[in-house]
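Enquirer: Chains as they are written, first to last, in our numbering: chain A, 1 to 179; chain B, 1001 to 1462; chain C, 2001 to 2389.
Please note that a few of the clues may not be correct.
Stated by the list, open to error - Once the Cα atoms are required to be at most 27 Å apart in a straight line, the calculated DSS-like pairs of lysine-lysine come out as:
#1 B:Lys-1213 <-> A:Lys-4
#2 B:Lys-1194 <-> A:Lys-131
#3 B:Lys-1213 <-> A:Lys-131
#4 B:Lys-1016 <-> A:Lys-125
#5 C:Lys-2244 <-> B:Lys-1365
#6 B:Lys-1361 <-> C:Lys-2166
#7 A:Lys-27 <-> A:Lys-50
#8 A:Lys-50 <-> C:Lys-2244
#9 B:Lys-1016 <-> A:Lys-166
#10 B:Lys-1199 <-> A:Lys-131
#11 B:Lys-1300 <-> B:Lys-1361
These aren't lab readings, by the way, just hints derived from the structure by calculation.
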Amino acid sequence: MSTKKVIYGIFDDDHALIESAKALKTKGIRVADVFSPFPIHGLDPVIGIKPTRLSNFAFWYGVFGTLSAVWMTWYMMISDWPMNIGGKPSFTWLENLPAFIPATFELTVFCAAHGMVISYLLVNKIYPGRKPHNPDPRSTDDKFVMQINTFDNKRVEEREIMDILKNTGSVEINEKVLS
Amino acid sequence: MEQHVSIREPLILGDKTYHQLTEDISRPVEGKANGLYKILLTISSLLALWGVMCFAYTIGTGIGVWGLNKTVGWAWDITNFVWWVGIGHAGTLISAILLLFRQRWRMSINRSAEAMTIFAVICAALFPVMHMGRVWVAYWVFPLPNQFGSLWVNFNSPLLWDVFAISTYFTVSLVFWYTGLIPDFATIRDRQVKPMMKKIYTILSFGWSGSAKQWSRFEEVSLVLAGLSAPLVLSVHTIVSMDFATSVIPGWHTTIFPPYFVSGAIFSGFAMVLTLLLIMRKVLHLEDYITITHVELMNKIIILTGSIVGVAYLTELFISWYSGVPYEQYAFLNRATGPYWWAYWSMMTCNVITPQLFWFKKIRKNFTATFIISIFVNIGMWFERFVIIVTSLHRDYLPSSWTMFHPSFVDIGIFLGTIGIFFTLFLIFARTFPVIAVSELKSILKSTGENQTSSVSKHDEH
Amino acid sequence: MQYTFSNKSRNICFALIGIGLLSLVGGFLTDSHRAWPNLLLNAFYFTSIALGVLFFLAVNYAAEAGWFAAIKKPMEAIAAFLPLGSLILGGVLILSAFHLNHIYHWADPEVVHHDEIIAGKAAYLNKWFFTIRTIVYLGGWFLFYRAFQKYSQIEQQSYNTKNWRKTQSLAAFFLAFFAVTSSTSAWDWIMSIDTHWFSTLFGWYTFAGYFVSSLIVLTLVVLHLKSRGLLPEVNENHIHDLGKYIFAFSIFWTYLWFSQFLLIWYSNIPEEVTYFMDRMTNYKSIFILNLFLNFFFPFLVLMKRGSKRRYHLLTFVGIITLIGHWFDNFIMIMPGAVKEHWHVGWVEIGMFTGFLGLFGFIVMSRLASFSTVENKQHVFYSESVHHHI
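Sequences and hints are given; from them, build the entire structure.
Expert: Rendered as structure tokens:
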């Protein structure tokens, strides 16, 4: 049975971690993940994370919201049961349009915001009851943890990875065997 | 790299490390409550209880127990509703609009301001629901299919727009707030030793791990939610103002209402944030995070929005004369000199004159003065809504129905009750939630912390 | 680095001014009822752009913004149109108040005599008081402009925190003055054309319109300088921010437009609704065009992040929206001034061209007069060059 070994390089500064990731990248070593107490700007391209497309989703959820509001106002106020309220006869949807704008706007924002947050929770796989999988509890406090899977980098010796980590300012290096 | 020039004041005082930040923010959650906290909680929950009893009495007997009469059919209930919704505007403004404007000082205050927003909107929503009388059918305000045939809600009515606006605002603010809370709950979770606490915060943190991908999505979501919330926050009070402005009642029907209400809402919201934070920073020992610089910047927003409100008052007054419409002219004359003159002049003093004191740097940078003025603004903004609502209604088109409004003990009880509910919720929040967005604050520690800025400044000045 | 006002640009400006003068003279000879409101329209349009940029400059100082330091000189250059613009605008306004034309109904003693509503406003709308107010607004803005100029000259010499603090207080006082005068000037100059009509929002609505135009002109000037290889420190992040401002304030303009329209449409009170009745019948095409150019177009195009960073696209959207705001001013002024007899013909286009030439000439001469268009001594310059979003 082959052992799956991972190396955790722990840093106490976000810039040191970026520099280290860059050094690893030049050697062709793949960084599996980084766990940090706050977002590290400029890290994503170094460790090969593509920009998220969540905002495009938000746009389409918003379009859905607009269309549902248009349908709702048309169906309820014009088609199903037209009423003359406050001298505003509901003959056509367009004639009444100004009065429908506020609700349409709200529904657009409602769908865009909630749709996006639900997608966010889904793609991030976070929900109540999920077990956290950050390797070190200090990574939500003041430590920045870089995870390198040895099985991702078969061409490189473990020693070499550790040396790079050490030379680029890692304050602590741990190994762990995944079962 | 972002730069921070030396003439900017530090936003985090003292010699802080990331770990120190975690310690300082976790302390209120982990420590024991002090005596002052217990006293405050007892008072406010008793007040809340009294409000609930008045609420129950209203439902049991009917809204006839309020002081309303056939001329003044809207009074304290709507006044309180608008007042609370207005207070609920600062939180989302701080977290959304200030985020878009990249104002980093927001990070120390956005969490508690958003909490305040949510609690204020809860208090606000109680009033229209109570005013329905039969609260058990309150869901009829939603466009639901029903057994009465094709009976739908009326999309022409501003009151229905309100249903959409308030429910969207409440839920989106809640979600925005919670999205930001998840990483901070994780910070608290990872340092708990007691199994019960660990379990609770594991659930609250949704199993957040802080991986690079999660953070990347987190930032995207925050930005888009801010972009959506910014127009949302404007739309909510706009729609509230339209409850009045779409009518043909003199003093209510005026086109400036939407932006003027929004500005007033932000004004009152910031005043309430100041009132709460100035107490909180003392009770929870957050003096290093909520500094005089934060207070000064907020005071500047108070001057800005207070002045906009002031300009709007004068605009209304002038245009009512300019319009040449006798009803309009009378409505404003009556406000200033009629039986409710005292309410009008309280509003003018508290909202137009007191905030102008912040033009003086000494007052702007003084905690006590700020606290006192913030209370004045809270009172003034309550009177503003009262003046708009009651003075326009109590002088009807038919002089035979002219009358006054007198609140009953139930009106007063419910209003005090909502203040109790608000403070109870806020106090519970302050002891169980991370009251400062600690992960955001850590990201600016190096550029705006006191110990760091002093070393950066040297090579900035060429 | 210094900007050079090339001979080619200079000649283009002169040609545009020439066209403007020809259509001005031609317009007055053929149809002065049409020429006067056009003169007012263009004078107001271009002066308000300069004013809007001055306002933006003041806001950035008052808010202690750092990112704008690198584009401060272009702002100053645009604001430089204020003195000449005010002179033309003030002249047109005062002559109109003295009833040399029929723009203001209240300026006609005959009308005031027979019209009870206008007579009721005579205490405010009369030629002397109007003239005094106009001079106070324009003169006040001019004095602030000069003060900004003075501080700016000191700023240019050395890194000077004290001077920056002084500019900041000046900016705060200007904003206070502007808060009142921006509304009252809009009532006096524009709203009183439809003398019976009134709207409390009108001042803010007018302001929102010219503020968008100002932001666009600023963006265009910055992009022009960049195309000349100047302002190397200004990167796509600054342009992105300007794009965001245009986007956000286009929405803000729409918000105010809609608030004013909805409340009047909904209440349907005769004394108010006539304003939109005119505009939705006789001016229907412009009414729709206005919303399309100033809302849907910038909103849909600039929504995407990338489009705010593409210089050519931003220039294109900017020019279209600028034209849109000219039509917005057109539909504010014309219905009251010429009723249904409106045209968009050679007089309108010619005069717009003339003012454009004059505006361009002043802005470019001012730019060329700076020894450098960078602003390296500004206290926030280092923040601005490291601007990254």
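Enquirer: CA of Lys-1194 (chain B) to CA of Lys-131 (chain A), is that 27 Å or under?
Expert: holds, 17 Å
Enquirer: Within a Cα-Cα threshold of 27 Å, do Lys-1300 (chain B) and Lys-1361 (chain B) meet the stated pairing?
Expert: Measuring from Cα to Cα gives roughly 10 Å; hence the hint holds.
Enquirer: Can you confirm whether the C-alpha distance between Lys-1016 (chain B) and Lys-125 (chain A) stays at or below 27 Å?
Expert: violated, 33 Å
Enquirer: Tell me if the straight-line CA distance from Lys-1199 (chain B) to Lys-131 (chain A) falls inside 27 Å.
Expert: Status holds; Cα separation ~10 Å.
Enquirer: Compare the distance between the alpha carbons of Lys-1016 (chain B) and Lys-166 (chain A) with 27 Å, and conclude whether the hinted pair is satisfied.
Expert: Satisfied, since the Cα-Cα distance of roughly 26 Å is no more than 27 Å.
Enquirer: Are Lys-2244 (chain C) and Lys-1365 (chain B) close enough, with their CA atoms no more than 27 Å apart?
Expert: violated, 33 Å
Enquirer: Taking only the CA atoms, is the gap from Lys-1361 (chain B) to Lys-2166 (chain C) under or equal to 27 Å?
Expert: Roughly 14 Å separates the two Cα atoms, so the pair holds.
Enquirer: Within a Cα-Cα threshold of 27 Å, do Lys-27 (chain A) and Lys-50 (chain A) meet the stated pairing?
Expert: With a Cα-Cα distance of about 21 Å, the restraint between Lys-27 (chain A) and Lys-50 (chain A) holds, given a limit of 27 Å.
Enquirer: Is the Cα-Cα distance between Lys-1213 (chain B) and Lys-131 (chain A) 27 Å or less?
Expert: Holds, at roughly 17 Å.
Enquirer: Can the restraint linking Lys-1213 (chain B) and Lys-4 (chain A) be considered satisfied, given a maximum Cα separation of 27 Å?
Expert: With Cα atoms ~22 Å apart, Lys-1213 (chain B) and Lys-4 (chain A) stay inside 27 Å; holds.
Enquirer: Assess, step by step, whether the Cα of Lys-50 (chain A) is no farther than 27 Å from the Cα of Lys-2244 (chain C), and give holds or violated.
Expert: Holds, at about 24 Å.
Checked against the numbered hints above, the structure breaks hints 4, 5 and satisfies the rest.
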